[in-house]
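Student: Next come the chains, spelled out residue by residue.
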Amino acid sequence: MRNIFLFIRRYFTFLAFLVFQGLALWFLFTYNRFHRAKGLGVANEITGWVNTRYNTVQDFFTMREENRRVHKLNDSLMNLLSSNFLKRDTSLRLVTDSIPYDTLGHYRRYLERAAEVVYNTVNSEKNYIQINKGSNQGIKDNMSVLNSDGSLVGRVINVSPNFSVIMSLLHVQNKVSVLVKKTKSAGSISWDGKDPRYLVLNNISVSDSIVKGDTIITGTYSNSIPFGKMVGTVAEISRDQATNFFILKIKTAANFADLQQVFVIENLQYDEQEKLLEETKKKIIKE
Amino acid sequence: MSDLVRNIIRLAIFILVQVYLLNKIPFLHQFIAPYLYYLFILWLPFNISRMGLLVIGFITGITLDFFMMTPGLHAAACVLIAYLRPFIIGILAPKDATGFSYREPSPRAMGWTPYLIYTFVLTLFHHTYMVLLEWLSFGSILSFIIKVIATTGISMLLIITTELLFPRRMKFRTNTA
Numbered sequence: 180m181r182n183i184f185l186f187i188r189r190y191f192t193f194l195a196f197l198v199f200q201g202l203a204l205w206f207l208f209t210y211n212r213f214h215r216a217k218g219l220g221v222a223n224e225i226t227g228w229v230n231t232r233y234n235t236v237q238d239f240f241t242m243r244e245e246n247r248r249v250h251k252l253n254d255s256l257m258n259l260l261s262s263n264f265l266k267r268d269t270s271l272r273l274v275t276d277s278i279p280y281d282t283l284g285h286y287r288r289y290l291e292r293a294a295e296v297v298y299n300t301v302n303s304e305k306n307y308i309q310i311n312k313g314s315n316q317g318i319k320d321n322m323s324v325l326n327s328d329g330s331l332v333g334r335v336i337n338v339s340p341n342f343s344v345i346m347s348l349l350h351v352q353n354k355v356s357v358l359v360k361k362t363k364s365a366g367s368i369s370w371d372g373k374d375p376r377y378l379v380l381n382n383i384s385v386s387d388s389i390v391k392g393d394t395i396i397t398g399t400y401s402n403s404i405p406f407g408k409m410v411g412t413v414a415e416i417s418r419d420q421a422t423n424f425f426i427l428k429i430k431t432a433a434n435f436a437d438l439q440q441v442f443v444i445e446n447l448q449y450d451e452q453e454k455l456l457e458e459t460k461k462k463i464i465k466e
Numbered sequence: 532m533s534d535l536v537r538n539i540i541r542l543a544i545f546i547l548v549q550v551y552l553l554n555k556i557p558f559l560h561q562f563i564a565p566y567l568y569y570l571f572i573l574w575l576p577f578n579i580s581r582m583g584l585l586v587i588g589f590i591t592g593i594t595l596d597f598f599m600m601t602p603g604l605h606a607a608a609c610v611l612i613a614y615l616r617p618f619i620i621g622i623l624a625p626k627d628a629t630g631f632s633y634r635e636p637s638p639r640a641m642g643w644t645p646y647l648i649y650t651f652v653l654t655l656f657h658h659t660y661m662v663l664l665e666w667l668s669f670g671s672i673l674s675f676i677i678k679v680i681a682t683t684g685i686s687m688l689l690i691i692t693t694e695l696l697f698p699r700r701m702k703f704r705t706n707t708a
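Protein chains in written order, with my numbering: chain D, 180 to 466; chain F, 532 to 708.
What the hints contain is simulated information worked out from the structure, not anything from laboratory work. Note that the coordinates shown come from a computational prediction; the quantities given were computed from them, not determined experimentally. A virtual CB, placed ideally from N, CA and C, is assigned to each residue, including glycine. Each hint should be verified, as a subset may be incorrect.
Cβ-Cβ distance ranges computed for the label pairs, FRET-style [unchecked claim]: (1) 186(D) - 617(F): 33 to 43 Å; (2) 544(F) - 406(D): 27 to 37 Å; (3) 193(D) - 667(F): 20 to 30 Å.
Computed footprint of chain D on chain F; a stretch qualifies when at least three of its residues, placed anywhere within it, have a C-beta under 8 Å from a C-beta of chain D [stated by the list, open to error]: (4) 553-559; (5) 588-601; (6) 604-618; (7) 691-700.
A few chain D residues that don't get close to chain F, going by computed Cβ distances all over 10 Å [stated by the list, open to error]: (8) 256; (9) 304; (10) 356; (11) 367; (12) 374.
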């Protein structure tokens, strides 16, 4: 027994070193697997507060670009106003093909919440974005995030009362199902950690006719991401020699170095859809 | 100014510079990631106990981690260099003197060559360990090696620039004081 105490006293610093290493590595690996770290909620509030202070200064320099994007979106919405259309033939009935909605929001599927980016990086291999809305404002995990011009930015992975953390598309563990708009063929998009302007799209068969500049939009497979949102355009086409698939380099629609105002999209039927999937899985196992 | 106050202010400045200046540098290349914050640990006074160094190293790393949303990554690397620091200083200490006549490691206290060796070795350890942890989940062996070399080079450049731009005025320590 005495020898054990002597041993501990003699190598106390080394043991302390091992304890600290263990603690740090435990933080790291639990976070990487679940994207939730112990105490990150509290830390998120504090870093969020500091980041907000910094952001008020930064806003001043990037407002022009933001203004341009919002103006462009505004322009496209103005063009949809019914007063811009002339009804030529009175015998024709005006049909709206959008989902009908009432003011109570019974038929509403997606709800958008505006938020401001307070911290964002592009230089790391795992880039995260922090925004100034949290669970108090109704943000939940797995909601998708769009840029102010409607292009896909990422997914909410961690929420504290007033701030939330988003996994950017520029994250090596990120995977999103997308469509080629022209041919409607589905693939999954990821990031290779190299250049923050380009993503990589796999699983598009070489039988598809893909040309440079083709638009890539979000797919239908995800419960959290609305269909048809802009992701990017094809910038480079190469073939995987081993398989019959293209490797496409996609220029992102959102400029990740310059994010400011974003929309957080909530799917109001998300819980119902997820529950249905769960129960279906259970049912299949039972039978 | 006491050592404690000086170092608290220093920590705040290093973290803010790292988070809001170096991390915000527009993207140049995938291997270019400027790191300077760990110079705080290298600048700590000589007379801190080894246990104290480990605690301070962990706090420094975890503070940066919470800003960069990578809990544990920088903390692990910082604890490693905080543990190794006394050994490196022990190797580089002049044999005839009982210790250094200045309070903190600096080019003036140690001489330029030993100081650069000291910073280079610890920088290499810090970056190798950090990039290794990042690389475990992703990447190839070649990109790992190139990234360690590139980030170490950039960090050394930043450290030398910092030393030349902000020479620390320090009192000569005497027995009478």
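Student: Next, verify each hint and record whether it holds.
Tutor: Checked hints:
1. 186(D) - 617(F): 33 to 43 Å: 20 Å, violated
2. 544(F) - 406(D): 27 to 37 Å: Violated: the Cβ-Cβ distance is about 48 Å, outside 27 to 37 Å.
3. 193(D) - 667(F): 20 to 30 Å: 24 Å, holds
4. 553-559: It holds, with 5 qualifying residues against the three required.
5. 588-601: holds (count 10)
6. 604-618: Our answer is that it holds, as 6 residues pass the Cβ test (under 8 Å) against chain D, meeting three.
7. 691-700: violated (count 0)
8. 256: Consistent with the label, residue 256(D) stays out of reach of chain F, its closest Cβ about 31 Å off (over 10 Å).
9. 304: 6 Å, violated
10. 356: 20 Å, holds
11. 367: 16 Å, holds
12. 374: 7 Å, violated
Taken one by one, the earlier hints fail for this structure at numbers 1, 2, 7, 9 and 12, listed in ascending order.
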